[in-house]
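Colleague: Following the hints, put chain B in place on chain A, whose structure we already have.
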Amino acid sequence: MAEQREHLFGQLSDAVVAMDVEQAQALSRAAVEHGLDAGEAMEQGLADGMHRAGIRYERQEYFIPELLLCSDAMYAGLEVLRPHMSNSHCRRRGTVVIGVVEGDTHDIGKNLVKIMLEAAGFEVHDLGRDVSARRFVDRTMEVGADILALSTLMTTTMPRMQDVLMLLQQEGHRHRVRVLVGGGPVSQAFADRIGADGYAPNASAAARAAIALAARPASPRPADE
Amino acid sequence: MPMPTPKERLLRTLAGEAHDRPPVICCGGMMNAATVEIAAGTVYLLPAAHCDGRLMAALAVDVHRCTGFENLGVPFDLTLEAELLGSEVDYGNAACEPRVVREAFPSAGAVIRDSVDSLLGHPRVRALTDAVRRLSAAHAHLPVIANIAGPISTAASAVDPLAFFKGMAREEHATHRVLDLVCEVLEEHARRLVAAGATVVCIGDPTATGEILGPHRFAEFALPRLSRLVAAVRSAGAPVIVHICGDITAVRHLLPEMRADALSTDAKVSLGALKREFPGIRTVGNVSTQLLEFGPPERVARQVQRLLAEGVDVVAPACGLSASTPLTHIRALTDAVKLGRPLYRNERC
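Sequence lines, in order, name chains A and B.
Just so it is clear: in the first sequence, position 85 is 84 by numbering that gives the first Met the number 0, and no numbers are missing.
Just so it is clear: in the second sequence, position 295 is 294 by numbering that gives the first Met the number 0, and no numbers are missing.
Just chain A, with the same shape it has in the complex (with noise of 0.2 Å):
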C-alpha cells in the first residue's frame, strides 16, 4: 500500500512537471478512488511536482509560459482533491495576504508568487493588481495574516510599497504582520532600505522566504513602535 501510494504521489509529481492536466486529474480521481489522504497527495504530489517546476525556472529549464502550464496541471488535480481535504491531517502553514502595489498592473509574477505560496501550504488571500495601500493593511488585518506580499514590476511603481509599509507603521500594525517584497526591478538592498523582512529574486526563493517567515515568531511588541 505505501509503495502504492509513493508510485502515484510520483506520478502526480510527474504529470505537473509534464503540465499534463488531463493526467493530474486523472491521478488525483485514482488517489481519492484508493482511499489516500488527499492532503498528502497535494503535498507530496501536485505540489511537489510544482516544486519541481520552481527548481527547473530557477535553473532555466522552465520559463514563464512552462510555469503557468505546470500550475494549470496542479490546479485542475487540487480541483479533485479539494472535496476530500477536511478530511486530511495536513496543517495549513499560515495566511499570505498578496497583490501588486498600486499603479502597477503587472501581475505574473505575483501570480507565480502565490501559486508557489498555495503549493507550499499557505492560504493565500490574492488581492490583484493596482492595490492601494489602505486596502492592503486593511485586507491584513482582517484576515489575520502572517504574512504580507507585495509584489511589483516597475522602477516607477516601487515607492508605493514604501506606502504600505508606511500605513502598516502609522496604524501601529507594523509588528502584526511580516512583509515579504519582490518583484522585476527590486532587490535585497531596496528591501532593507524600505524596512521589509524579507526579499526573494523569484516565485520559489518567495515561497521559501514565507516558509522562513512564518516560522519566525512574531514580537508582541516592536521596538520602534
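For the record, the hints were derived by calculation from the structure and aren't laboratory data.
Heads up, incomplete: computed chain A residues facing chain B, CB under 8 Å, no partners named:
# : residue
1 : E65
2 : E101
3 : G102
A few chain A residues facing chain B, derived, Cβ under 7 Å:
# : residue
4 : I63
5 : T104
6 : P158
Heads up, the beta-carbon is just placed ideally off N, CA and C, and yes, glycines get one too.
Modeller: Frame of chain A; chain B shown alone:
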C-alpha cells in the same frame, strides 16, 4: 568643428560617427522623466497631457528644460498601443503613470482583427502625432524621440497576460497571428511618427525579456517581430533604440540580430561587458533609477563617470523613473555628462 547641436550629436552617435562627447538623454515612453516636481511646476497637468498633443508637447519641453536631458521625448507612458487595440486604461495622475486596467481580449485566439487605419485613428495616436509634429517644428536643434511599445509588451497588454504566455506553448498559431497583427500596427504607427518629424524611435519592450520568455521563445516570438519593426523604422529614415528590461543573460547572444542602432538595458546589465562581447553594438543607459530616486547626487555623478569610462555611447536612465525622483538627482546625472564633473544645483525650473 563647431559645437554640434544635441540633435546632431545624438544622430552622429547612433550612426557610429565621431562626436565631441556622449549625449545624455531620457527617451520618454516607459522611461519618461515627467516627475511630480516638474508636472507640479507647470500648468500642463497630468493626466490631461496624455491625450492632448499641445499639452504633451509643452510637458516634453518642460521636462527637457528642467532636467537637462538633451532630447524631447513623448509620450509619457507605455499604454497607448494596448489602448488602441481595445484595452481599458486608467490615466492616473502626476504621481502615477497610466496603466492598463483591463485587457481587450481573454486569449490570443479571441483577438479580432481590425484595419490598421481605423486602429491608428485613435485619439491618443492623433495626440501623440500632433505632439511630435509640434516639437519637431519648434525645436529643430533637439532630437524628438517618439516612443512605442514593443510587440510582446503590446500583445501581452492587449491579451490577458497569463493566457498570452500560456498561449506561447498551447496556441502557437494564434499567438503568432496576434503578434503579426500587432507588428503591422506598430510598423505603420512608427512610420507615421517618423513622417511627423520624429528624429529617433525608441521601442520599449520590457516584457520581451529573456527572464519571462527564455531564449527559445524570445528567438521564436520576439526577435523576428523586433527585427521587423526595427527594419521598418530604419527604412522610414530614423534610427532606432530598443529597450529590454531585466536580466538579459538568457538572450544576450540574440540581441545583435535585431540590428537596432542602439540597445538600452536595465541597470543590472554591464554595458561595458556587453560592448566587449559585441564590439559593433551601441549602448544606451544605464543609470540606476533607484539611485536616481534615493541619491545622493554625488553617487549619481560617480555612476555616470563609471559609465563614461566603460565607453557607454549614450548616457540615460536605465528604466522608468519614479515620479518622486528629485530634480537635483536628475541634474547630477545630466551635469556629470555635460561637464565631465559633478555640479549640483538646487534651483527649480
